[in-house]
Amino acid sequence: MMARFFQLIRRDVMLAFRQGSAVTLSLSFFVIVIVLFPLGVGPELSVLARIGPGVLWVAALLACLLTLDRMFQADFEDGALDLLMIGPLPVEILVLAKVIAHWLTSILPLIVVAPVLALSLNLPGDGIFALTLALLIGTPTLSLIGAVGAALTVGMRRGGVLLSLLVLPLYIPVLIFGVAAVDAAIAQLSVAPHLLLLGGISLGSLVLGPLAAAAGLRLSLS
Amino acid sequence: MMARFFQLIRRDVMLAFRQGSAVTLSLSFFVIVIVLFPLGVGPELSVLARIGPGVLWVAALLACLLTLDRMFQADFEDGALDLLMIGPLPVEILVLAKVIAHWLTSILPLIVVAPVLALSLNLPGDGIFALTLALLIGTPTLSLIGAVGAALTVGMRRGGVLLSLLVLPLYIPVLIFGVAAVDAAIAQLSVAPHLLLLGGISLGSLVLGPLAAAAGLRLSLS
Amino acid sequence: MSFSVHNLACQRADQIIFDNVSFSLAPGEAIWVRGRNGAGKSSLLRICARLLKPLEGSISWQGENILDDPENYVGAYQYLGHQDALKSAMTVEENIKFWADFHGEADVSSALAEFDLIPLRNVSADILSQGQKKRVNLARLAASPASLWILDEPLSALDRHYISQFRTRLSRHLATGGMAIYATHQDLELNDSRSLELDADT
Amino acid sequence: MSFSVHNLACQRADQIIFDNVSFSLAPGEAIWVRGRNGAGKSSLLRICARLLKPLEGSISWQGENILDDPENYVGAYQYLGHQDALKSAMTVEENIKFWADFHGEADVSSALAEFDLIPLRNVSADILSQGQKKRVNLARLAASPASLWILDEPLSALDRHYISQFRTRLSRHLATGGMAIYATHQDLELNDSRSLELDADT
Amino acid sequence: MAIDLHKYANPKRFLSIISVIYPWSVWLTIILLGVGLYMGLFVAPPDYQQGDTVRIMFVHVPAAWMALMIYTIMAVSSAVGLIWKHPVADLTAKAAAPIGAAFTFLALVTGALWGQPMWGTFWVWDARLTSMLILLFLYLGYMAIWESFEDTAKAAKAAAILALVGVINIPIIRFSVDWWNTLHQPASVATMSGPKIHSSILIPLLIMGLAYTAFFVMVLIIRVKAEILQRRLRVMQIADLRQR
Ligand code: HEM
Ligand SMILES: Nc1ncnc2c1ncn2[C@@H]1O[C@H](COP(=O)(O)OP(=O)(O)OP(=O)(O)O)[C@@H](O)[C@H]1O
Ligand SMILES: Nc1ncnc2c1ncn2[C@@H]1O[C@H](COP(=O)(O)OP(=O)(O)OP(=O)(O)O)[C@@H](O)[C@H]1O
Ligand SMILES: [Mg+2]
Ligand SMILES: [Mg+2]
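Residue numbers (our numbering), protein chains in the order written: chain A, 1 to 222; chain B, 1001 to 1222; chain C, 2001 to 2202; chain D, 3001 to 3202; chain E, 4001 to 4244.
No lab work stands behind these hints: they were computed from the structure.
Some hints here could point you the wrong way.
Unchecked claim - Simulated crosslink set (EDC-like; lysine to aspartate or glutamate; CA at most 16 Å straight-line):
| hint | chain 1 | residue 1 | chain 2 | residue 2 |
| --- | --- | --- | --- | --- |
| 1 | C | K2133 | C | D2068 |
| 2 | D | K3133 | A | D78 |
| 3 | D | K3053 | E | D4151 |
| 4 | C | K2133 | C | E2105 |
| 5 | D | K3053 | A | D82 |
The shape of chain A in the complex, shown without the other chains (with noise of 0.2 Å):
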């Protein structure tokens, strides 16, 4: 079963990259919004670091959501989600496997520039530090409470914006925490309190999204 979970792994990653939907969309779009940003608001390095760790932490929730529906989509399309639902791997682990493939494919490569961009927004060491680890820790939440909606809308004609709907209010406590990390580190103040939260969200919804999920799909195929 576990090699099956890593093919699964592998091929969505392969794919990936070699059909560079996901990762360059999602990497693309989180380097205009930041590319953008100065040249709507105006070069003023204040206002800009004022902003700054809002400003990519909106960007990568972005990101994210605009590469959550393809999670399902593209397999349901082509039929590779019915015989990977009849597949010897239970749902769950399908889900599971989706997940982490998704997260590492548009999110991962956003937290490794994210630093240099951040930088470019004219943030102080500390707080790119505090960011990358917030995105770090915080980020596996969005994919996972992602699933959930992804799931419930495959194949549905508006899926895209119940989607949102769905989802977005679910992203709003990790944008919270996680701009509260990098202003504290900001600031000088300790950041653990606001990583803890974001670490506990990330475990709670590990064990509680691939389960919605799973139920989820098995809903809307059948």
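Position chains B, C, D and E with the ligands against the provided structure of chain A, taking the given hints into account.
Positioned in the frame of chain A, the structure of chains B, C, D and E with the ligands alone reads:
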């Protein structure tokens, strides 16, 4: 020929509303950005008002960018683009119909809600008026230029990122003059020069866009 | 009115799929393009439908080369491919009607009736069975008049009854001076249609 | 080893498509599901493949009801549907290999050889012709062992040669104690396969 | 027959219970609303700071309570529907959603109207207001998901999953004012140490709350009844189809 032209627009608009993909994607994206932003950067009214015009324009640009790749892709995937291309409508006119449908479904709804969102970001009345006007005059360029990119990348495996790279540089002038118009209105200066410039860019792209996009389509399909 | 193809060759991804293909069609004639899987039948039909450029050769419609000047050819032919071009957000009738109007002067309701689609007319296109989708596409074809039909596997997914229904319709098309090029692995059992073997060349 | 279906009914969008369908399969047996377009063949096969819930009725595998407890059934069957489940960004071999590994203990290369896919193994799946895609899917089926094959129109787009190739493969599957349920409008000309008419009920 | 179609069609006992409650809810709504509005608008003293605008409170605060309460009710009955497969529970959740959305909308609008004199702006993006807006979106999403599935059994399950996942938003709204300091009033009625406001305001506020609750029960009963009848019709249609 005119009848066919309008039929095509009508069909695309109808599909967009029924499937909810384009309309709701851009609209919900736009709203989500504006909702998330204050949560990320904090609710201080002065900061929000300062960055408001930039946030709104950047959000509009991104919403447009996100919906661009659907302009020809959906019809390409189900074979309808084949039938459209060999049909009696000249390809340039076909592109124009697609562009108009894209603008009506992906951008107009967003201009309609923009004043409300601007109000929530605490923009003054003059600024809101200028914003709406600037969006109305400037956004057709986004669809027109976008069509060229969409046509060149239809059916391409890594189309998405190429598309962004192709059209983004061309979007930046619109962004800059668009924000400048709003800032001018807030500062009680004349907005006319900025709007004229935006109008000029739109006219220019109205002439060149369909020609280039038609050439691009012929290229990608054969 | 005549359609003729001279010395066509087709290349896809560094490979010559076929070459030296020539044939011509007069009103009332049909050609059955035959060949093994991968022989290039679909490619040939796409070339005839102006969806693919041939590597070399010429295609002419009423004596004019359509590769240079397709003006008269556009509107004179219809193409039915593997993909169904159906929009799931539109009903069966809306789907057919759009294409019919797009081609001009159409008779949607008799086309619907011809393939027994009246009971399905208000059904959304995505819940159709495979064969029902094919029937919708055949009805699209039948709805607007065109001299030349270019048909890629028109029979797949159809049951026997509709195969014979389609045969009747095609015969009528030919009898009224139409032409057809079709590729299929099943035998359409059309009287007096010539066949073009693509394997011979490879 | 046995597969049996009792009193199955299927509802789709407020309509009863079929009801009272019962049959059973012993090792070495095959059933040809027949019926008009829209009779519910694909729906029946999807129900057997656990992709659709029946309105009522029971399906059992080795005496156990799979609707309640599919544990033993999973892995014992394979499904081939209308959609090809091919990823255009992977080569033919990668596509087959992924599914084979996913199902476990597979023999990819002999499956490739069986449907003449060796020359195409490193070709990306999206440039295949329709029939070549079908062959890839048949090779996927043949690559990993399963007792029951559930096949929805396995012959469409295949040329004569591969139809008989597939018939041979299916016969071997049956001869080695396998079972099959298939729906097709073309005659597979398989000896001793029973047929199940779906039209009768409606 | 393997599944009993009639369990959907015949929740007779349930129908008889709700038809007993219904007249009570109508009368309670009328009386409580009358008394509450009278006390709120004429008896309660104007605020020494806010003047008469404080009276918006008697509409706003109970509406906000209802918005939260109805979502909680929806989530609970969704859970019941999901776990015990009780069809009436699904129907109750479905019927409650539009009422909850209406109360949410009312709280938003009255809050915005109140915000203009109090904070000098109709809207601020603080945590409570934003999460309340998102609650409205959740209600809309819940209603949309019912429309998105053709099959009602499927729709019920999907909507239930959505309602349960979304219930996390309720504590976020409830405690947002404590977690992040914002412009909005912190809790002053339902706090650990008892109400913090004067009884001349508290009493009409509570009466309005009860009035809204009675109104909710009344509309809910009407809607659930309609749903049950409609479903019974469908079951009969299907049975009819089977006969042929
Ligand atoms: C659109 C803007 C507003 C929204 C969305 C909103 C939302 C809410 C919500 C959800 C509650 C219930 C909280 C709970 O039960 O814990 C509430 C209560 C309350 N709101 Fe607002 N509100 C808004 C504007 C205002 C304004 C402008 C004021 C006046 C300054 C105000 C004063 C109050 C008060 C006094 C309570 C009762 C607090 C308690 O006792 O728990 N609200 N509001
Ligand atoms: N997703 C769906 N929702 C509602 N109805 C559907 C759905 N899919 C199919 N149907 C309907 O169910 C009936 C049976 O469809 P099915 O695909 O099982 O037919 P079939 O026997 O396989 O036909 P064909 O020979 O054309 O493939 C059809 O009338 C079809 O319109
Ligand atoms: N887009 C493409 N790029 C490159 N090669 C292609 C492309 N499409 C098809 N081919 C190759 O061209 C050859 C002919 O394909 P074509 O689809 O014309 O065959 P066909 O005769 O229609 O086969 P079938 O009977 O299977 O439908 C095949 O070998 C196929 O692999
Ligand atoms: Mg072909
Ligand atoms: Mg079928």
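Could you work out which earlier hints the structure fails to respect and list their numbers in ascending sequence?
Hints 1 and 4 are the ones this structure does not satisfy, whereas the remaining hints hold.
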